[in-house]
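Number of protein chains: 2
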Amino acid sequence: MTVQSAWTAQQSHIWPLTAARATDGMLTVGGCRADDLVAQFGSPLFVVDKADVLSQVRRYLDAYVNVADELAGDVFYAGKAFLSVGVARWLLEAGLNIDVCSEGELAIALAAGATGSQVLMHGNNKSEHELQLAVANRLRFVVVDSVIEISRLARAATAAGVTMNVLVRTTVGVEAHTHEFIMTAHEDQKFGFSVASGAALAAVKAVIAEPALHFAGLHSHIGSQIFDADGFVIAATRLSELAADIMNECGIAIENLNIGGGSGIAYVDSDDPQDIAEFGSTIRALVRESFTAAGLPLPHLLVEPGRSIIGRAGVTLYTVGTIKPVHIDEDRTRVYVSVDGGMSDNVRTALYDADYTTVVASRVVSADSSTTLARVVGKHCESGDIVVRDAMLPADISPGELLAVAATGAYCHSLASNYNHIIRPAVVAVSDGSPELLIRRETIGDILSRDAQAGE
Amino acid sequence: MTVQSAWTAQQSHIWPLTAARATDGMLTVGGCRADDLVAQFGSPLFVVDKADVLSQVRRYLDAYVNVADELAGDVFYAGKAFLSVGVARWLLEAGLNIDVCSEGELAIALAAGATGSQVLMHGNNKSEHELQLAVANRLRFVVVDSVIEISRLARAATAAGVTMNVLVRTTVGVEAHTHEFIMTAHEDQKFGFSVASGAALAAVKAVIAEPALHFAGLHSHIGSQIFDADGFVIAATRLSELAADIMNECGIAIENLNIGGGSGIAYVDSDDPQDIAEFGSTIRALVRESFTAAGLPLPHLLVEPGRSIIGRAGVTLYTVGTIKPVHIDEDRTRVYVSVDGGMSDNVRTALYDADYTTVVASRVVSADSSTTLARVVGKHCESGDIVVRDAMLPADISPGELLAVAATGAYCHSLASNYNHIIRPAVVAVSDGSPELLIRRETIGDILSRDAQAGE
Numbered sequence: 018m019t020v021q022s023a024w025t026a027q028q029s030h031i032w033p034l035t036a037a038r039a040t041d042g043m044l045t046v047g048g049c050r051a052d053d054l055v056a057q058f059g060s061p062l063f064v065v066d067k068a069d070v071l072s073q074v075r076r077y078l079d080a081y082v083n084v085a086d087e088l089a090g091d092v093f094y095a096g097k098a099f100l101s102v103g104v105a106r107w108l109l110e111a112g113l114n115i116d117v118c119s120e121g122e123l124a125i126a127l128a129a130g131a132t133g134s135q136v137l138m139h140g141n142n143k144s145e146h147e148l149q150l151a152v153a154n155r156l157r158f159v160v161v162d163s164v165i166e167i168s169r170l171a172r173a174a175t176a177a178g179v180t181m182n183v184l185v186r187t188t189v190g191v192e193a194h195t196h197e198f199i200m201t202a203h204e205d206q207k208f209g210f211s212v213a214s215g216a217a218l219a220a221v222k223a224v225i226a227e228p229a230l231h232f233a234g235l236h237s238h239i240g241s242q243i244f245d246a247d248g249f250v251i252a253a254t255r256l257s258e259l260a261a262d263i264m265n266e267c268g269i270a271i272e273n274l275n276i277g278g279g280s281g282i283a284y285v286d287s288d289d290p291q292d293i294a295e296f297g298s299t300i301r302a303l304v305r306e307s308f309t310a311a312g313l314p315l316p317h318l319l320v321e322p323g324r325s326i327i328g329r330a331g332v333t334l335y336t337v338g339t340i341k342p343v344h345i346d347e348d349r350t351r352v353y354v355s356v357d358g359g360m361s362d363n364v365r366t367a368l369y370d371a372d373y374t375t376v377v378a379s380r381v382v383s384a385d386s387s388t389t390l391a392r393v394v395g396k397h398c399e400s401g402d403i404v405v406r407d408a409m410l411p412a413d414i415s416p417g418e419l420l421a422v423a424a425t426g427a428y429c430h431s432l433a434s435n436y437n438h439i440i441r442p443a444v445v446a447v448s449d450g451s452p453e454l455l456i457r458r459e460t461i462g463d464i465l466s467r468d469a470q471a472g473e
Numbered sequence: 018m019t020v021q022s023a024w025t026a027q028q029s030h031i032w033p034l035t036a037a038r039a040t041d042g043m044l045t046v047g048g049c050r051a052d053d054l055v056a057q058f059g060s061p062l063f064v065v066d067k068a069d070v071l072s073q074v075r076r077y078l079d080a081y082v083n084v085a086d087e088l089a090g091d092v093f094y095a096g097k098a099f100l101s102v103g104v105a106r107w108l109l110e111a112g113l114n115i116d117v118c119s120e121g122e123l124a125i126a127l128a129a130g131a132t133g134s135q136v137l138m139h140g141n142n143k144s145e146h147e148l149q150l151a152v153a154n155r156l157r158f159v160v161v162d163s164v165i166e167i168s169r170l171a172r173a174a175t176a177a178g179v180t181m182n183v184l185v186r187t188t189v190g191v192e193a194h195t196h197e198f199i200m201t202a203h204e205d206q207k208f209g210f211s212v213a214s215g216a217a218l219a220a221v222k223a224v225i226a227e228p229a230l231h232f233a234g235l236h237s238h239i240g241s242q243i244f245d246a247d248g249f250v251i252a253a254t255r256l257s258e259l260a261a262d263i264m265n266e267c268g269i270a271i272e273n274l275n276i277g278g279g280s281g282i283a284y285v286d287s288d289d290p291q292d293i294a295e296f297g298s299t300i301r302a303l304v305r306e307s308f309t310a311a312g313l314p315l316p317h318l319l320v321e322p323g324r325s326i327i328g329r330a331g332v333t334l335y336t337v338g339t340i341k342p343v344h345i346d347e348d349r350t351r352v353y354v355s356v357d358g359g360m361s362d363n364v365r366t367a368l369y370d371a372d373y374t375t376v377v378a379s380r381v382v383s384a385d386s387s388t389t390l391a392r393v394v395g396k397h398c399e400s401g402d403i404v405v406r407d408a409m410l411p412a413d414i415s416p417g418e419l420l421a422v423a424a425t426g427a428y429c430h431s432l433a434s435n436y437n438h439i440i441r442p443a444v445v446a447v448s449d450g451s452p453e454l455l456i457r458r459e460t461i462g463d464i465l466s467r468d469a470q471a472g473e
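First to last, the sequence lines map onto chains A and B. For reference, each letter of the first sequence is one residue, going 18 to 473 in the working numbering. For reference, each letter of the second sequence is one residue, going 18 to 473 in the working numbering.
Calculated from the structure, these hints are not laboratory results. Treat the hints with care, since some could be wrong.
One copy or two, it doesn't matter: identical chains are merged, so the pair holds either way.
Stated by the list, open to error - Below, in silico cross-link-like pairs of lysine to any residue (SDA-like), each with a Cα-Cα straight-line distance of 25 Å or less:
1) K222 <-> V382
2) K222 <-> E459
3) K222 <-> D292
4) K222 <-> I165
5) K222 <-> A128
6) K222 <-> T132
7) K222 <-> L454
8) K222 <-> Q291
9) K222 <-> V82
10) K222 <-> S451
11) K222 <-> V352
12) K222 <-> S168
13) K222 <-> G48
14) K222 <-> D346
15) K222 <-> H196
16) K222 <-> G472
17) K222 <-> R380
18) K222 <-> E347
19) K222 <-> L390
20) K222 <-> D41
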């Protein structure tokens, strides 16, 4: 297959690294043609560019692990963004660890060959069973989130005769998103122990008091889809203050400082998230500065990227079904382009008012061709079933053409439903011209298999 | 099992008809104890009160079918709210028809024994295959939604040598919700043909022009969670005007007028949806008045309730896992009560900012006992994972207790995901002291079964 041109430079930060056009204009990712992929794996289809994932992994390793720095730590991939056995294998082989927050995510990580020492467990409400699994698999860290859980984990560890490494999840009163952050005294959210109220220090003491638990450090996650490190200035200061209190009152230094995830990606052209390397060096400088100023030894820095590793690598391919011009006022028409998926495979538009970028996958639309204001909608029986709110698409868009929606690698398949009994698409990895199935397409038989009265 | 008391009268409009308390205070639905149900089918659990569903069905039949009235028509249950083979069987046996909008929903209806004449098909983007299934099964009505679809359906019907009954979906410029409605000239949404722009009349003519299609009437759906019929005044007028145009230009009377669904239910105490009978008689009066005023014969009235049939019948049972007081300002504390499900089994709170009512299922909380401002949250790794935003729960709420969340019968299991690889709960029907499994609890094995590389 001949690749004619690299992707337009303008949008290269939105589309996967290997996105290109074949000589006939067909979108290719990982050297695989969109039409071939749909023919083989069905439509809609999630396509994951393995090269893009591995490139992001290398950036993270270079920013946080391969640094000549006492802060050098580890990267834990946030499995909630997207997790399959195949992807987990790539990440583990590349040197990442995995952050799980349920029995199911742990099962995937273990099926991919992870050892307990490569896994960290999160969650505000881990079940007794999940904590027992954490203990049985000797997970590297359990991030504790409530006083109840500290005793629960201590009991499970004691029963198994092991010592578990524990990070205490704190809330530092900073909430960051894109280029903004807000500071609060108290955070009204389910996660973490408040630093300001003293709950965090009390939780650390409770962990220290449990012989079966080893206090291994602090955790703080300040937001999602964050574009710069500004919010981390306050976070680092407050964490170093807490660290100083812990040193003063307990005589214990913070071994690990887990700054959570939240690094953003570009969904639309105007999105400009900071580069991973720059983000990492800023964070390291902030932590170094605040801990040094407080007279504390430097902790290992842990980070939990999810979206910023898998988000851009993912593209959804849809087939256009119907096209309908709708008068939105006397002078304007919006063309509703309906595709064969929708809020069942991407609920983010409805759930978070998220923006996406889409192009026709099946041909190159020249710059001087006529375009129209379009809205890409799904096939669900709900008016909020919108995939891409605003898109300029060719005026002659027609049924059967393929659309590609960018940056759907994170939180799309993860949040997928069977709304309207619509089956979930396959997820296929592409690399060097070869597709590799990660998750097979669902069938109506799969849905019926849970219906207890279907066979009667 | 002895039932001690009927449900508190105050909340009887929120909870299922048969909700009661056993002598020890345990919540019972359909004569089944919440604790027994959870022991048998797992937690979380969706419980569906069959008596409540059938009671709502009778109300609908009395309001729209069993009326001494030329408008007497049919009720089509909107399967998107919740559909399983068992529930579809109840409804079909009781005299309802089923509204489906996908191959999957049709498969469930057919598996329940529906004949094509009991099924109506919706959708803004039915696939060619779905239209072929509609034709092959001789569905009672196909509601067409675009010009493209009209020719597509005509081709499929012609190929099969049958004539299909078609309703034309219109948008009348009314959008209704609870007690409010707004009027617009043009509707910026994916569904329907605009009456105001002339698109609806043109679509009717396009249907009439197709020999394989029979123009069987009009469809209009003006909103969701509607509490009174005020919005239908304008809708009925505009539909009768369109009907008059159709009579004038095509000489054809409207056989069927499908007014869609959208009747609301009570999620919280202050919700006061109009009674089904009253709603029905108001609608009939409006249609009678507007069609008579226009000098037109009366159509059969079709209606598509979903939520108002299955919504109140459903209750979700959760087990409390962790409890955490969080300072939300200097003087106030919110208790975060984490349960073993969340946005994977009820995304409506996050998606629509929906309110819910919850009580402790495992005991009666006396009126004079101490309560606390609580937020019921799920176990997902997301701060927006909220089940019930504000609830007054007993101050001594503790892990292991069961919570019941009311009115989760519609759009909860339908929209359920495997976010965080958390399995979807079972759905169990209860009636006369016996549970009957409708949908079995998912397993991690189910999730792994789609992972193409899990077995390697």
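To see whether the hints hold, each was checked on the structure:
Neither within a single protomer nor between protomers do K222 and V382 lie at most 25 Å apart by alpha-carbon distance, with minima of 62 Å and 35 Å respectively. For the homomeric pair K222 and E459, neither the shortest alpha-carbon distance inside one copy (48 Å) nor that between copies (39 Å) is at most 25 Å. Within a single copy, K222 and D292 get their C-alpha atoms no closer than 37 Å, and across copies no closer than 57 Å, so neither meets the 25 Å cut-off. In this assembly of identical chains, K222 and I165 lie within 25 Å of each other by CA distance solely inside one copy; the values are 14 Å within and 67 Å between copies.
Proximity of K222 and A128 under a CA criterion of 25 Å is satisfied in neither setting, with 35 Å inside one chain copy and 59 Å between copies. Neither within a single protomer nor between protomers do K222 and T132 lie at most 25 Å apart by alpha-carbon distance, with minima of 29 Å and 66 Å respectively. For the identical chains of this complex, K222 and L454 are neighbours neither inside a copy (47 Å) nor across copies (47 Å), given an alpha-carbon limit of 25 Å. Proximity of K222 to Q291 under the C-alpha cut-off of 25 Å is found in neither arrangement, the shortest distances being 37 Å within a copy and 56 Å between copies.
For the homomeric pair K222 and V82, neither the shortest alpha-carbon distance inside one copy (29 Å) nor that between copies (68 Å) is at most 25 Å. In this assembly of identical chains, K222 and S451 lie within 25 Å of each other by CA distance neither inside one copy nor across copies; the values are 53 Å within and 50 Å between. Taking CA atoms no more than 25 Å apart as the test, K222 paired with V352 passes between copies only; the shortest distance there is 22 Å, against 60 Å inside one copy. In this homomeric assembly, K222 and S168 come within 25 Å of each other (Cα to Cα) only inside a single copy, at 12 Å, whereas the closest approach across copies is 71 Å.
When the C-alpha separation of K222 and G48 is checked against a cutoff of 25 Å, the pair qualifies neither within a copy, at 54 Å, nor between copies, at 48 Å. In the homo-oligomer, the alpha carbons of K222 and D346 lie at most 25 Å apart only across protomers (24 Å), although the nearest pairing inside one protomer, at 63 Å, exceeds that limit. Taking the shortest alpha-carbon separations for K222 and H196, neither the intra-copy value of 35 Å nor the inter-copy value of 53 Å comes in at or below 25 Å. With identical chains, the CA atoms of K222 and G472 are never at most 25 Å apart, being 56 Å at best within one copy and 43 Å at best between copies.
Proximity of K222 to R380 under the C-alpha cut-off of 25 Å is found in neither arrangement, the shortest distances being 62 Å within a copy and 35 Å between copies. For the homomeric pair K222 and E347, the shortest alpha-carbon distance between copies (23 Å) is at most 25 Å, but the shortest distance inside one copy (67 Å) is not. In this assembly of identical chains, the alpha carbons of K222 and L390 never lie at most 25 Å apart, being 59 Å within a copy and 27 Å across copies at closest. In this assembly of identical chains, the alpha carbons of K222 and D41 never lie at most 25 Å apart, being 65 Å within a copy and 40 Å across copies at closest.
Taken one by one, the earlier hints fail for this structure at numbers 1, 2, 3, 5, 6, 7, 8, 9, 10, 13, 15, 16, 17, 19 and 20, listed in ascending order.
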